[in-house]
Amino acid sequence: MRQTKRKNLLRCGLLVSFFFAMRPVLGLETLRVLAWPGYADPDVVARFEQRYQAKVEVTYVDSDEVLWSRLHSPQDQRFDVVAANTVEIARYVAAGLLAPLDLAALPNTRRQSPRFQALATIPGLVHDGRIYAVPYTYSTMGLIYDRRQFRTPPQSMNVLWNPRYRHKVLAFNSAAHNFSFTALGLGIAHPFRLDREQMKHVTRRLVALRRNILTYYTLPEEATELFMEHKVALLFANYGTQQLAQLRQAGADVGYVLPREGALAWLDCWAMTRTAPRPALATAWINYMLDPGVGALLSRRQGLANTQSHPSAQESSATIVWLAPVEDIAQRESLWRRIVSGDRPERF
Amino acid sequence: MRPGLAVKLAVLLAAIGILASGLTGFFAYTANRSMLVEAAQRNLLTSTQLLNRRFAAALTDIGDDSRLLASLPIAPRLAAAGSGKERQREENMLAQAFAAMMKIHPAYLQIRLIGAGQNGLERVRVDSSASRPIRVEGEQLQEKGHFPYVFETLRLGPGRTYQSRISINRENGTHSAQDKPILRVATPVYEARGPALGVLVITVDLASLLTTLKADLPKNYGLYLANKWGDFLIHPNPALTFGFDKGRRFFMQDSFRATRPLFDKGARSTVLNGLDEPQQAAGLVLAFEREPFSSSDPHHFVVLGLSQPLTGVLDGAESLGRSIVRMVLAFSALAIVLAVVFARAITHPLNMLAHAATRFSSERAMEALPLKRMDEIGILARCFDRMRNQIQSHMAELLEHQQEMAYLAHHDQLSGLPNRTLFFRQLEESLHSASRRQSLLAVLFVDLDCFKQVNDEFGHAMGDQVLHTVARRLQHTVRAQDLVARLGGDEFIILLGDVSDDKDLPAIANKILDSLREPMMLGGRSLSIGGSIGISVFPRDGCTAEELVQHADQAMYEVKTSGRNATRLYSPPEQRTGLPG
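Same order as they appear, the protein sequences are chains P and D.
According to the numbering used here, the first sequence is numbered sequentially starting from 2.
According to the numbering used here, the second sequence is numbered sequentially starting from 973.
Treat the hints with care, since some could be wrong.
[As the list claims (entries may be wrong)] Below, computed lysine-lysine pairings styled on BS3-like, alpha-carbon distance capped at 27 Å:
#: 1; chain 1: D; residue 1: K1532; chain 2: D; residue 2: K1475
#: 2; chain 1: P; residue 1: K169; chain 2: D; residue 2: K1200
#: 3; chain 1: P; residue 1: K232; chain 2: D; residue 2: K1200
[Claimed, not checked] Which bits of chain D does chain P cover? Going by a derived footprint, with three or more residues having C-beta under 8 Å, they are:
#: 4; segment: 1116-1126
#: 5; segment: 1131-1145
If you're looking for bench data, these hints aren't it; they were derived computationally from the structure.
All C-beta atoms in this analysis are idealised placements derived from N, C-alpha and C, irrespective of residue type, glycine included.
Please work from the sequences and hints to get the whole structure.
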């Protein structure tokens, strides 16, 4: 009698513990998200969790290098979805880290502006006819100009070289982008694939730019300080509209243009990893991220453009050149170091 | 067994004693620790301030060196473009001066004269390469006009100095200075009149500058330096320094929240320690001070901090802690001994009282009491004593009453003889023993003859006297072990125990009748009274008291009906029919 009672108790206990062990599988599935700060705020995550009865774990990264190493985490810490720019996406696809997406399961993609629905025109997202990522947010690298020093907004990239603004120009201290936008300004068709001659040409042009600028900046705060202190007329906005907002906050009367030769832009996309154990939930997350409400929040809080809102007339008519892998980043970096260090053009 | 009051009291008192000494020890220990930590914080802050002063003084010295070189008469001439043999000679002279300066100051990694024209082209440049000055000339000279240390310095007036931010030197081909944390000190070069012609720049190795500054600090001190945004420039963990240069920033105000006011509220200094803020400063005592950094930019500052391991600070506290523990243990032992003694002193008289109360209630014994004490126990003892005496006297009274009551309940008041109740009880007891011993026992039912006439003729008082006298006579006639009782009215009953032979019984009964018949003198008159006696014998005439008495009564009744004044043994009815009436 007593023995059976104890057995029953044991059975009950086993059932209860089994129930608790099964709970995450039965009711609460876990989605592991790898994203940049501001991409998945707690309130946005909470709404998704409620809607899909899932648990979301967001891990934030602050550089492409960290993102890459996180994606190579041990088995038990694999991520389901990841936000990365087009260059990185191309790299992940090449490394076989991503799974193709089914657009039919992402109805919110149809609410994106036409530029972002034309996935084939964006380098890095489509491979062998299969889609590996969908655009989420982007930032153009236009020109910020002082409205008091420009009667009409500048049109061309080449205004940066205009001796009229000598020592009134700020450039960004970066190897990849500077070569690319200079190439765009020179009308080179493939700014990310420069041949020897083009590279030499672009390098000399960058030395000429160096002679025309006040200095290079690295952080947006630094640029704002220099802009105010030295009455700068023009700057290459590596941080895009985010930088514009910061300058305006500091009291500058500034405008933002995308040059007619085309503006470089980075584009962050959502992708699903090949190892995602629950593709349906991962797809639901990506679709949710493309919800206009989520996009609007991102724009309001981070000052970043979303892919649903209608862009300004100037922007929609401008050519946007999405960043793509460059021919030889090491070469660009070594050349760039020499340019910044002040080597004279004869030495290139 | 449950612990007694003495044990409880001793445990309580000992616990109080141990707790008191333990708490005192604990608070002394913690107070001492925080005092030591506070003192260490003060000292550390003083060291930090001293280090800051020395840092500032060192920067001023560098500024003086740059001004000295900039004030050389050949400097303005060389700052402008030019060529020729004479210029060559002057350039060599200046380069030698630079080299001499670098020999004196190993922290100087580069000294340059940069022209304002030609996009800030370097005119005379000496680098340090493996601690040796090396001249950089011709094609190797670079354009530096886009660097703040050139364009900002050119804006300064004569004799002023510019101090750059501390950064990693990413300028190519700078020999020892390349990729090192450096700062640049620059002075504009002026002629007697006119605009600045160039700048004189000294590149200083931050590491060797600080090594000399903190040379006399203890080895286990950690040094922290942050720029005005909080980016670590120096940290015991080098991986956290110059984060902005690697695309991932590490801020002092994130690592040590307490330093936040230094950056956004203009506070001058702050201290923190691992005792109060184990999250921020685990195992450390830290002091931070904000120091204006650049004479040309009033908003520019750095925050310098020093850390010291908490263990070193608390070494003194640990030895004190050990002696406190010993002291607490000793006091606790003392507390236990005192508690036991005290508990016994309190409970001993209580035990006495308790013992006295127990003995009194069980045996009515009057034990000694601590009556002479003047405290509450004395009062209690005296009260108890009084109460005990009262109880004693009440009990005695009660007993007396009880005996009286018992006597009244079992005796006839008039004759003083046992009454019916007592008689029946005695009879039953005697029946028990008689049946055990198989002995004989007789019950004699005595009824006075013509007693009613006595009552009627002489009154009840006389009747009572008669009954009284009869009682005496009956008592005197029987043996001492026999029992005479009055059943009521003129009826008496006698129990004769241990009758050896029932043939003696008529003789005994007649002897009784004889004693009754003797005349009695009452109120001056002689009175003679007779009686009738019925006898029943155990076991022959009955086994129960009721049967025996009833049969004796029947026998007596038969005497009455057959003429009185005689005795008769009970005989059952079936025998009687055969006998003459």
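Evaluation of the provided hints:
no.	hint	verdict
1	K1532/D to K1475/D	22 Å, holds
2	K169/P to K1200/D	25 Å, holds
3	K232/P to K1200/D	23 Å, holds
4	1116-1126	holds (count 6)
5	1131-1145	holds (count 4)
When held up to the earlier numbered hints, the structure conflicts with none and fits them all.
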